[in-house]
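Q: Sequence:
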Amino acid sequence: MNAPIQLLGQGNTAGALFSGYPEKVEIKEERGYRIADIQAVSGTILLDQKKSNRVFQKKVQTYMGIASAVTADTDHCACILPGSDMRTGGTLIQYQETDWRFLKRMASQLGLPLVPDTSYYYPRFYLGLPEGEKRELGEIISCDLCFDGRYYAVSGKCLVDREDFICYDVVTRTSLSLGDRVTYEGRELLVSRKKTELAGGEVIFTYRLAGNSYAWVPWEDNPDYTGMSFVGSIVGTQGEQVEVAFDIDKTAAGGNRYGFAPATGNLMYCMPQKGTKTSLYIGNGDEAQGIATGCIRTNGSTCEGTGSPEKKSFRSEHGKGMDLYPQRMGLDGGETGKITFEDETGTTIESNGGLVLMAKEGIRLESMTGIAMQGMSDIMALYSEGASSLCVNGSVDMLGRRTSLAGIVYQGYDPFEDAPQKGEFDWGGFARNLAIGLGVAIACVGLALIPGIGPIVTGALIGAAIGTFCQTVYKANEEWQSGNVRSTIETVRDVVISAAAGGFTGACVVAFPVTVLFSGEIYAGVSLTGRAAWALGDSSMNNEKKMAYIFDTKQMAVDFSIGALIGIIVPGAVARKLVRDAEREMWKNADFEAARNLSQKNSTKPNQIHHYATNKSKTYTHQMEEIAKKYGLDLNGKWNKDLLPHQGRHPNEYHEYVLNSMKQFDEVAQGNVDIFLQLYEKMKAYIKANPDMLYKAYWLQ
3 MNAPIQLLGQ GNTAGALFSG YPEKVEIKEE RGYRIADIQA VSGTILLDQK
53 KSNRVFQKKV QTYMGIASAV TADTDHCACI LPGSDMRTGG TLIQYQETDW
103 RFLKRMASQL GLPLVPDTSY YYPRFYLGLP EGEKRELGEI ISCDLCFDGR
153 YYAVSGKCLV DREDFICYDV VTRTSLSLGD RVTYEGRELL VSRKKTELAG
203 GEVIFTYRLA GNSYAWVPWE DNPDYTGMSF VGSIVGTQGE QVEVAFDIDK
253 TAAGGNRYGF APATGNLMYC MPQKGTKTSL YIGNGDEAQG IATGCIRTNG
303 STCEGTGSPE KKSFRSEHGK GMDLYPQRMG LDGGETGKIT FEDETGTTIE
353 SNGGLVLMAK EGIRLESMTG IAMQGMSDIM ALYSEGASSL CVNGSVDMLG
403 RRTSLAGIVY QGYDPFEDAP QKGEFDWGGF ARNLAIGLGV AIACVGLALI
453 PGIGPIVTGA LIGAAIGTFC QTVYKANEEW QSGNVRSTIE TVRDVVISAA
503 AGGFTGACVV AFPVTVLFSG EIYAGVSLTG RAAWALGDSS MNNEKKMAYI
553 FDTKQMAVDF SIGALIGIIV PGAVARKLVR DAEREMWKNA DFEAARNLSQ
603 KNSTKPNQIH HYATNKSKTY THQMEEIAKK YGLDLNGKWN KDLLPHQGRH
653 PNEYHEYVLN SMKQFDEVAQ GNVDIFLQLY EKMKAYIKAN PDMLYKAYWL
703 Q
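Numbering (the working numbering), first residue to last: 3 to 703.
Hints are supplied without guarantee of correctness; some may be wrong.
Stated by the list, open to error - Straight-line distance between alpha carbons at most 27 Å, and here's what the computed BS3-like set of lysine-lysine pairs gives:
no., residue 1, residue 2
1, Lys196, Lys61
2, Lys252, Lys279
3, Lys548, Lys620
4, Lys684, Lys579
5, Lys252, Lys276
6, Lys686, Lys640
7, Lys279, Lys322
8, Lys640, Lys684
9, Lys665, Lys620
10, Lys30, Lys53
11, Lys620, Lys643
12, Lys197, Lys340
13, Lys276, Lys313
14, Lys618, Lys579
15, Lys53, Lys313
16, Lys52, Lys106
17, Lys684, Lys643
18, Lys698, Lys632
19, Lys631, Lys620
20, Lys26, Lys53
21, Lys26, Lys52
22, Lys252, Lys197
23, Lys690, Lys631
24, Lys643, Lys698
25, Lys53, Lys106
26, Lys159, Lys196
27, Lys106, Lys30
28, Lys698, Lys640
29, Lys631, Lys548
30, Lys690, Lys618
31, Lys276, Lys322
32, Lys314, Lys279
33, Lys690, Lys579
34, Lys136, Lys196
35, Lys52, Lys313
36, Lys643, Lys631
37, Lys136, Lys159
38, Lys665, Lys690
Just so you know, the hints here were simulated from the structure itself, not pulled from any lab data.
Work out the full structure, taking the sequences as your base and the hints as a guide.
A: What follows is the structure, encoded as structure tokens:
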């Protein structure tokens with residue numbers, strides 16, 4: 003089976019009559035000769051050996067694309083589609099099918115058969131009859147006219163022409179190929195079937211000539227899929243449809259969508275979330291018409307509400323739920339509260355907010371033992387239509403048209419001092435808060451001074467230092483005035499918010515053309531966002547305190563002023579730092595001693611006007627001009643000329659040095675002509691100090 007065979011013709015049948023692999027071989031003897039009886043199959047048998055599982059569900063996929071993916075694992079395999087390719091329009095699933103069986107079923111959706119190419123022993127085949135040539139039949143030995151009854155089996159399933167099934171079985175010695183077109187009895191017909199025989203030492207061919215639709219095949223489903231379900235995980239939802247990654251082929255995740263039908267119908271209708279297990283049910287053998295049915299729970303061992311069959315629980319993605327347990331039932335509202343009915347303890351109503359009981363006829367509380375009311379601050383009873391009220395909050399206040407109070411035992415108490423006492427100022431906490439704020443500010447300044455840090459990072463560090471310093475001074479003044487010193491957590495909170503707001507504002511000031519007013523707005527906005535984030539996460543604050551902390555108008559005015567100050571200071575500070583970095587980079591590798599010795603040897607050169615950035619080089623001038631034009635400069639301007647001792651052409655090494663320096667200056671200046679010229683003057687000063695850079699000998703040292 004592994005060794006291919008080939009049957010070759012001679013004479014008018016020269017060429018490969020058949021290529022493939024032996025399937026069955028029998029050796030027998032006749033009249034003293036050993037004869038081999040070989041039953042062979044085409045190379046496509048290699049596609050019919052192993053069963054595979056694949057899923058094809060891309061939103062845009064074609065039949066040839068799928069065929070290429072299926073045959074990619076088989077060496078030397080090729081699929082040829084004579085016509086134009088088409089989109090599948092739905093999902094195709096290969097489950098426990100050989101590649102040949104799956105491709106045959108897929109081709110039937112186009113109404114096409116799979117036609118092996120027997121001229122090669124490689125697994126090559128066509129989707130439909132190949133596109134043949136216009137040929138002649140030659141001498142016809144015999145011909146039979148017939149009507150193929152396959153028409154009745156095919157016509158009800160696909161669109162075919164009855165006349166195409168009126169066929170001619172022609173016997174001739176001429177070798178034709180499947181798909182060739184011939185004219186016979188006034189009709190242009192296709193070679194739709196071919197039979198080759200060896201009769202009396204001569205190769206004879208029998209062809210079935212039929213119309214175009216003769217070779218069409220009806221749509222073929224996989225009957226094994228009927229009633230089958232494929233399990234997978236949901237990777238996306240839209241409306242009432244889901245996308246599924248199937249367990250049999252997780253590489254094909256998502257794509258086509260399938261309708262979702264929950265097991266409960268519309269009674270408790272919830273769309274599943276990503277990651278939920280589901281099953282695609284195929285009802286009629288066509289996988290493209292599958293429906294995702296329900297969700298498969300996989301957390302029974304870890305979920306308290308569903309760990310036991312006795313416990314019934316329904317949960318939503320928002321934390322809401324309903325529980326039906328043997329000894330308890332309840333409604334859970336998540337963060338808002340819950341109601342629980344327990345056999346042993348009774349009914350419990352919990353609320354994280356307010357609890358309002360409203361009734362049209364009235365509310366009555368009765369108990370066989372007693373009714374207790376307990377509050378953290380006070381207990382109040384108000385009568386809305388009158389002036390009666392009861393308030394208990396350390397003392398008892400009662401108001402009513404008729405009020406009576408009776409007692410039988412008098413209890414006396416010694417007087418006590420209940421006025422608030424003024425405490426001592428917390429100097430240790432005050433110093434600690436100053437140290438935290440100023441320490442962060444100094445650290446940011448130190449990091450900003452490190453050479454080589456980019457301008458945006460430098461601006462962010464300087465902005466963070468300014469924001470932290472100003473906020474620390476402002477808060478220290480508040481503590482001194484009020485006598486209330488902040489805790490460590492509050493100090494760290496203020497430092498983090500001010501550093502983040504200052505850093506973001508400083509980065510924006512450097513990266514974009516931001517005005518001073520806008521930089522103030524940026525800082526104030528980021529600071530407000532930070533206070534809001536802190537307040538939302540601080541459970542010790544009530545809503546009123548949270549709103550007062552977030553929208554503190556005095557703090558917002560201070561934030562705006564700090565942001566405006568950053569907009570004034572940061573651009574200049576960053577520019578000066580970048581200039582110093584560039585100067586340091588330029589001068590750190592200068593070899594002044596070697597330059598001085600070489601200069602003494604060439605001191606006889608005449609003084610001439612020198613263009614530092616050359617205006618005469620075909621290689622370098624246009625590159626230097628592009629950089630200069632960014633700053634509105636001309637290479638013939640005074641900024642680029644000086645009187646230097648030099649003579650003759652300058653070496654390419656010198657031009658490379660000037661060009662690279664200009665590129666570095668451009669990266670630092672970022673469009674600022676003052677910074678660019680300041681750096682350029684430093685380069686000119688260096689060349690003036692080393693005039694021998696204009697000669698080849700300098701660069702050979």
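Q: Under the constraints set out in the numbered hints, which ones does this structure not fulfil?
A: Violated: hints 1, 3, 10, 12, 14, 15, 18, 22, 27, 29, 35, 37.
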